[in-house]
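Number of protein chains: 2
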Amino acid sequence: MALELLDHMDTAIDLSDPSSALDLANIRFQLIRLEDTITFHLIERVQFPLNAAIYDPDLLPIPNSNLALPPNLSLADYMLSETERLHSLVRRYDAPDEYPFFPQVLQRPMMAPLRYPKILHENNVNVNSIIKDKYIKEILPEACRDFGRTDRGETKENYGSAATCDIACLQALSRRIHFGKYVAESKFRKETDRFVALIKAEDRTGIDAAITDAKVEQKVLERLRLKAKTYGTDPSTANDGTDTGKINIDAVVKMYAQVVIPLTKVVEVEYLMQRLKGTEWE
Amino acid sequence: MALELLDHMDTAIDLSDPSSALDLANIRFQLIRLEDTITFHLIERVQFPLNAAIYDPDLLPIPNSNLALPPNLSLADYMLSETERLHSLVRRYDAPDEYPFFPQVLQRPMMAPLRYPKILHENNVNVNSIIKDKYIKEILPEACRDFGRTDRGETKENYGSAATCDIACLQALSRRIHFGKYVAESKFRKETDRFVALIKAEDRTGIDAAITDAKVEQKVLERLRLKAKTYGTDPSTANDGTDTGKINIDAVVKMYAQVVIPLTKVVEVEYLMQRLKGTEWE
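Chains as they are written, first to last, in this note's numbering: chain A, 1489 to 1770; chain B, 1489 to 1770.
These aren't lab readings, by the way, just hints derived from the structure by calculation. Backbone N, C-alpha and C fix where the C-beta goes; we use that ideal spot for every residue, glycine too. Check the hints yourself; a few may be wrong.
Here are a few chain A residues that sit away from chain B, every Cβ distance over 10 Å (derived from the structure) [to be verified]:
1. Ser1507
2. Pro1551
3. Pro1559
4. Pro1591
5. Lys1606
6. Asn1614
7. Ser1617
8. Phe1667
9. Leu1764
10. Trp1769
Estimated spans, in silico, between C-beta atoms of each pair [what the hints assert, rightly or not]:
11. Ser1507/B / Asp1546/A: 51 to 59 Å
12. Ala1745/B / Lys1703/A: 41 to 49 Å
13. Ala1745/A / Asp1546/B: 45 to 53 Å
14. Glu1626/B / Thr1732/A: 32 to 40 Å
15. Gln1592/A / Gln1706/B: 52 to 60 Å
Here are the simulated lysine to any residue pairs, SDA-like style, with alpha carbons at most 25 Å apart [as the list claims (entries may be wrong)]:
16. Lys1644/A / Asp1582/B
17. Lys1622/B / Val1741/B
18. Lys1717/A / Cys1653/B
19. Lys1742/A / Thr1718/A
20. Lys1644/A / Leu1510/B
21. Lys1734/B / Lys1753/A
22. Lys1622/A / Pro1545/A
23. Lys1644/B / Pro1605/A
24. Lys1620/A / Leu1574/B
25. Lys1644/A / Phe1517/B
26. Lys1644/B / Asp1621/B
27. Lys1644/B / Ile1515/A
28. Lys1644/A / Ala1513/B
29. Lys1717/A / Lys1734/B
30. Lys1644/B / Asp1511/A
31. Lys1717/B / Ala1660/A
32. Lys1734/B / Leu1512/A
33. Lys1622/B / Pro1559/B
34. Lys1644/B / Pro1597/A
35. Lys1707/B / Asp1731/A
36. Lys1734/B / Pro1601/A
37. Lys1625/B / Leu1547/B
38. Lys1703/A / Leu1512/A
39. Lys1753/A / Asp1681/A
40. Lys1644/A / Pro1605/B
Work out the full structure, taking the sequences as your base and the hints as a guide.
Structure (structure tokens):
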């Protein structure tokens, strides 16, 4: 196991290879690695105050010329949608582990298409609107409390910086949460009969129970706490009493407990509910 | 000192307040904080192979419709310039500590301008083309060696991901290096007579010596090593022998020793060489 893991160390998961993409050890490595990415990006974000105005088109309307979207957008939505438009041109949303927040703005890539093997079953599960909503209303206010200097109130000078960090956070969260599809597919292939029965019975609670491992979840939360503390502390001043840390550690753990883990399970359940369509079991 | 530092902990430096922006303790805090940002972003980048094709428009030409730029760009330049164009619309380059790599693509912001007080002396120092060149030719090949899986060669699937990480790295490096202007201005105000004499004599070597503190530089490199090791290791597996780390620690130290510190001094010297223009000392 250790050797096997070593072999996968610090490489992005290879979604062009079905056996590698559905190997639970590979998926687990990728999920653990994404914890670092998410923690890094959130630490960067909370350098700045919440800056609530960037999420509210009434407070700070951004004129938008993309006809696929409303005429006024929030600054955060404007930047996220324009970034997605740009990234679509270089094939980002051709990758089977990338899900757009604004599918209506995507363009045809200007590079030759890549052929990814079909690993996941056909499905339309995309929980990005829930992710964005919870990020703005739950994750950020908690993470910015006492950090990001809410006492300084809004900092207009950091509106763009905050929105830029948000894009990185949201894209990483989305990737992490939608990776649940690979977890679900892998579990389905291992215990096909059990899942076919649950899916046919439309037993979402039963599916949720079948994919839940409370002990693993507890370990994830403990690991997140350790990562938030480690990455959130400057190691050169860690022991001299002056370092208050770069991030609210509880907020990082809470983000996983209340948003990432539950939404990953929603993705797994909803993916599995579509898993039999067009198959022999339907 | 400790209390004073605590007061500044984890807030972005306030460039709308001249006394705060030229306070060496504030500048120092910001420079140290940017080390974390740079290290985080480089750790994210080396998940992917070097992917040299994205820097070479002959290998991978991207058709570009922006008349201010050549008709074919490298993928990395295309994404960087388009990102800068987008960020300019939300005022990024109005901020006095932000320097574009592609000034020719910037647009007029669509938000009301912010008034920043004039803290720095008028100057046109911008070393971004050197930063980009050294990043591609020196920093990345070193950082991706043994990491980012050069043995896997190119991964076309990660071209866009690598270029996206590059933007974050380059923007952070540029901000860190051009912060030298605030360091230089602060030093100039403290020892005005000394610097006026050196500048009038066009004694760049003398200025370089006057702004160099070898002991501080050594401390910076030691701190970088500690940060690269700490942030580059998953703390949950740090002691079980399976973790090879997420980044080449020597490459991070070398990046500072051979690029960041020397280029910051170039910025300081060139800024000071323009410091007397239009003043009483000219």
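| In rising order, the numbers of the hints this structure does not comply with | Of the numbered hints given earlier, those the structure breaks are 2, 11, 21, 36, listed in rising order.
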